[in-house]
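Take the sequence shown: its position 30, counted from the start at 1, is 65 in our numbering, and no numbers get skipped.
Treat the hints loosely; a few may be bogus.
[What the hints assert, rightly or not] In silico DMTMM-like links for lysine to aspartate or glutamate, alpha-carbon gap of 25 Å or less:
1) K130 <-> D81
2) K66 <-> E96
3) K107 <-> E95
4) K107 <-> D81
Note that these hints are calculated values from the structure, not bench results.
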Amino acid sequence: EQLSKPGNVVSLVGVSAGASAALNTYAEQDKVSKLILISGKIQNADKINRRYFVQNPGFEESMQRVNPSLEKLPSSKVKSIMSFHPLRDQTVPIKDTVINRAIDKTVPDWSHASIIFLGIILGSWSIARFIRSTTTNKK
36 EQLSKPGNVV SLVGVSAGAS AALNTYAEQD KVSKLILISG KIQNADKINR RYFVQNPGFE
96 ESMQRVNPSL EKLPSSKVKS IMSFHPLRDQ TVPIKDTVIN RAIDKTVPDW SHASIIFLGI
156 ILGSWSIARF IRSTTTNKK
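Use the sequences and the hints to build the structure in full.
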């Protein structure tokens, strides 16, 4: 709320398991203009090993909210999502990072941990350009 003052652009970045929370917030908050996901687990919650949910109950609740969040997003807001993933990821399958009609970026890498590093460090230019782009979210 404090960042959403006139003239400020608020964007969210969600990484790995945190992508679901970022997506849910993006769907609920009109003041958030862009969403960037890095190797984000946002599909196929039923394929997640239960031990992850036991260790982090908030992740389970967040994943349960993803499909309703995706369903309520207007097309214009989906187009303001950028998702990064590696060529191959043994932790989060590529198909689980994809949102139809969102901007999809493949980073030439093969590891979950390094895609997070590369996405933030090497992808920062692309992320900044995406955030500054003039695409607006209209309902």
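Here is how each hint holds up against the structure:
{"no.": "1", "hint": "K130 <-> D81", "in the structure": "holds, 14 Å"}
{"no.": "2", "hint": "K66 <-> E96", "in the structure": "holds, 23 Å"}
{"no.": "3", "hint": "K107 <-> E95", "in the structure": "holds, 20 Å"}
{"no.": "4", "hint": "K107 <-> D81", "in the structure": "holds, 21 Å"}
Comparing the model with each earlier hint shows no violations; every hint is respected.
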